[in-house]
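Participant: The listed protein sequences correspond, in order, to chains L and F.
Residue 407 is where the first sequence ends in our numbering, and the numbering goes up by one at each step.
Residue 407 is where the second sequence ends in our numbering, and the numbering goes up by one at each step.
None of these hints come from the bench; they were simulated from the model.
In this text, all values refer to a predicted model and were calculated from it rather than measured experimentally.
Please note: incorrect hints may appear among the correct ones.
Note that the list lumps identical chains together, so a pair holds whenever it fits in one copy or between two copies.
[Unchecked claim] DSS-like cross-link-like pairs, simulated, lysine-lysine; straight-line CA separation at most 27 Å:
hint: 1; residue 1: LYS83; residue 2: LYS156
hint: 2; residue 1: LYS145; residue 2: LYS156
hint: 3; residue 1: LYS18; residue 2: LYS36
hint: 4; residue 1: LYS156; residue 2: LYS356
hint: 5; residue 1: LYS328; residue 2: LYS244
hint: 6; residue 1: LYS36; residue 2: LYS355
hint: 7; residue 1: LYS244; residue 2: LYS40
Protein chains: 2
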Amino acid sequence: MNDANLNSINGADERKSKTPRVVIVGGGFGGLAAAKALRKAPAQVILIDRTNHHVFQPLLYQVATSVLAPSQMSSPIRGILRKHKNTMVIMGEVSGVDKEQRCVFVNDADRQHVPVHYDYLILATGVRHSYFGHNEFEKFAPGLKSLADAVAIRNKILSAFELAEAEDNVDLRRDLLTFVLVGAGPTGVEMAAALAVFVRTTLRSDFRRIDPTSARIVLIDASRKVLGTFAPSLSDAAEQHLQKLGVEIHLGQAVEKIDSEGVTFGGQRIASKTVIWTAGVAPSPAGKWLGAETDRAGRVRVQSDLSVPGHSEIFVIGDTASLDQDGKPLAGVAQVAMQQGHYAGKFIRRRLAGKKSPKPFRYFDKGTMAVVGKGYPLSKAANCTYMAFWRGWRGLSFTSLFCLSSV
Amino acid sequence: MNDANLNSINGADERKSKTPRVVIVGGGFGGLAAAKALRKAPAQVILIDRTNHHVFQPLLYQVATSVLAPSQMSSPIRGILRKHKNTMVIMGEVSGVDKEQRCVFVNDADRQHVPVHYDYLILATGVRHSYFGHNEFEKFAPGLKSLADAVAIRNKILSAFELAEAEDNVDLRRDLLTFVLVGAGPTGVEMAAALAVFVRTTLRSDFRRIDPTSARIVLIDASRKVLGTFAPSLSDAAEQHLQKLGVEIHLGQAVEKIDSEGVTFGGQRIASKTVIWTAGVAPSPAGKWLGAETDRAGRVRVQSDLSVPGHSEIFVIGDTASLDQDGKPLAGVAQVAMQQGHYAGKFIRRRLAGKKSPKPFRYFDKGTMAVVGKGYPLSKAANCTYMAFWRGWRGLSFTSLFCLSSV
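The following block holds chain L by itself, in its conformation from the complex (with noise of 0.2 Å):
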C-alpha cells in the first residue's frame, strides 16, 4: 500500500487514526443505501462516484421526452449524505480494484490509478447499455443510462421537429418525424408512451407546417411480448394501450441493422432520423475488477450475504451482482439495490460492532410498475418509492423525496 499516493487523494492526516474505512463505489440506489445504513456506524466511509449526482433512473425517460428537467430528476450526493459527518465524497472513476492490498484505484480530473485503500468494500457500479456485440449501433441509437444521456436524447428529439418544421422535402420530413425506439422494456415501452403523449399534448399545436401528432412512433424488440419480464396480463394491457396510444409495435423481430438514415430488422427497413437505444444492458467491468466468478451476463456471482467467494469483506450489490431467490436471478430493479445496499452496511455494522453477522439477503417483493402514458400506471402492488414519488411529483415538491426512506 503506497501511503504517499494515498495521501494525495485521502489527506495523510485522515489516515492516522485507525477507523476501519468503507469503499462504496456508486452513488446510485444501492450505494447510497449502503452509506445510509452506515451512517452512525464507527468507520470512515469513502463513496466514489463518477459525476457529482444520483440519478432517479427508472424515470430518466422523463427527461429524454421533455416532461421533467434533469435537475428533477437528480440530486446531489454531496447534499443527500450532508448529514453524514463519516462520509466523504469523491468525484472520480475507479479503475481497478486490488483484493490482496485491499484497495481501489481512481482516476480523478488529473491524477491516474491512485490506490485508495479499504476495510471493507461494496461495489455497487450499476449498468452500462449493451448492444450485444453491436457497438457500431451506438453512434447512430444512443442509450438512456446517464443524465447527460438523457438530455443528449431530449434534444435530438426536439431538434427533429424544429427541423422538420423548416424542411420542405416530403421524404425528408417523413423521416425526421419518424421515431424508432429499439428494446420494449420498461424503459422503451415507458418511453414510447410518454412520447405518443408529449407529441399529442404538449408539441400539438406548436408547429404551423408539420403536425406533431403525426409523428410516426415505432418499438421494436426481438421478443415476443413487451414488458417481457413482467405478468403476461399486464404485458397484454401494456400492448394495447401503447397500440391505442397510436404506437407501432413489431415484436420477435431482431434488429439487424442500424445507421444514420433509419433501422433495418426481419428484413423490413424503417427509414428515421431518431433511434434511440432502450434494449439490453451489460454490468460494469466489476467482475473483471475482482477476477471474480460472473453469471452469463457478466453479472458477479455473490453468497447469500452478498458477499464474493473467498472475500468476506467484499459486497457487490443492485444490477453489477448475480443472487438466486426461489431458484429465479433477482431482477435488476431499484428496490433490489436499495435493499441490499441497506444490508450489506447493515451487515458491515454489525460486524464493526462485532456482533453475528445477520440472515442471509433476502428481497422483499414491493411489486413492479411501468407507467404507460400519463396516468396509466400498471401495478403489481402499490411501491412505496414510486407512489411517494407520483404524489410528490404532482405537488411538484418532490426532489426530497429521492431520500431512501422506504426501504
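Based on these hints, arrange chain F on the given structure of chain L.
Facilitator: Same frame as chain L, but now just chain F:
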C-alpha cells in the same frame, strides 16, 4: 426577390395570399412583446430566433449560481406563442438585411442566407458581452448572456469546488476557491451576492476537506461605484451589503490581463481558477445589417416612433436601439424592450388597419431593481414583472408567469 429560395424556408402556399408579413428577429423580451401585440393583426408574423426558447435574462445569474434550474429560467417560444394562429417561429440565425428588396437572410441547420421577405421588420436582436477590445479574455472569463453560458458557468463553479476537495496543494486549492467577477453592474453585483449566499448555505456542509464558506469572492470594476447607473443611495447600500456578505470589492481599476491563472488589475494580481465576465455589453450587428447610424456603443439610432430614418417599415427595439428620453439614453433593461416591442407591434397593427400613427414612444419607468442576496431587493418602485416572478418562485410554479402581460 428570389421566390424559389424563399419557398424553401416559408413554403410557396403561404405567400400566395397577399397577407402582409411582419418579420421579428429575436425572441427576447422585446420580440415577444411585439409578437403579442400583433396577435390579432391581419398579418402573417414570422419570429426568427437562434434558439427555440425565450430566456428570462435578468435572472440568468441564478442559473449560474445553482439557485434555479435552466428550465425554470426559460420557456419554449413556440409554447409562449402557441395561441397565435398568425405566427410562425423559425429557429435560425439572421445574417443580414436587404432594405431595398425587403428581406432578411437566414441561416438554419443546413441552408445559408435564405432570403425571407418582409413588409414590416422588427429587429430585437439584443446584446452580447463586450470585452472592450480584449477578445482574448473571453477564453478565460466567460460571459453571461445565454442559457448555455449560464450552465457552463454553473458547471465551472461546481467543478472548482470538486477539484478543490481533491486537491492537496494548498496554493492550488486556494486558487480554486477564489472566484473573480469582472464588472459591478447589476449582473456582477447580483451574482457576487448569490455566490456568497450559495457557498454559505447550500454548499456549507457538503464537503469534508475544504470549507466552502472560506471561498474568496472578488468583484472588480473600473468605475468608482457598484451599480453605477443606479441612484447613489442604492449603490451605497448595495456595496455595504456585499461587504457584509464577505465579498471583496475593488473599484476604480480596470482589468489589464486575464489568463488561466488569474486576473491583473491596477498593478495588482489575484490568482484564481474561475474568472467570470459580468462587464460591458455589445449590441448585435443590426446596425451593420441596416447600414444605419449608430451611437458610440454601436446601437441603432431610431426615431421617436422607433423606426429607422428613411425606412418607416423597419423598427429597432430593446438593447439594439438607441433613443434618448428627456435628454438621457434609455437603459438596456427588459422593461424598455417590452414597452418598445408592444409599441412597435401596436404601431404596425394600427397602420394595417388604416388608422393614424400613435404618439411617439415614451418609456414609463416602473422602477429598477437589483437583488443582493436572498430577500434583499433594492427597489425604487415595485416592478410588476419581477414581483410576479418572485411570488411565483416561492410557490415553485412561476414558469407560466413568463408571459409579458404586465406591459
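Participant: Each hint: holds or not?
Facilitator: Comparing the hints with the structure gives:
no.: 1; hint: LYS83 - LYS156; in the structure: between (39 Å within a copy, 25 Å between copies)
no.: 2; hint: LYS145 - LYS156; in the structure: both (16 Å within a copy, 24 Å between copies)
no.: 3; hint: LYS18 - LYS36; in the structure: within (22 Å within a copy, 68 Å between copies)
no.: 4; hint: LYS156 - LYS356; in the structure: neither (53 Å within a copy, 48 Å between copies)
no.: 5; hint: LYS328 - LYS244; in the structure: neither (33 Å within a copy, 63 Å between copies)
no.: 6; hint: LYS36 - LYS355; in the structure: within (19 Å within a copy, 71 Å between copies)
no.: 7; hint: LYS244 - LYS40; in the structure: neither (51 Å within a copy, 37 Å between copies)
Comparing the model with each earlier hint shows violations of hints 4, 5 and 7; every other hint is respected.
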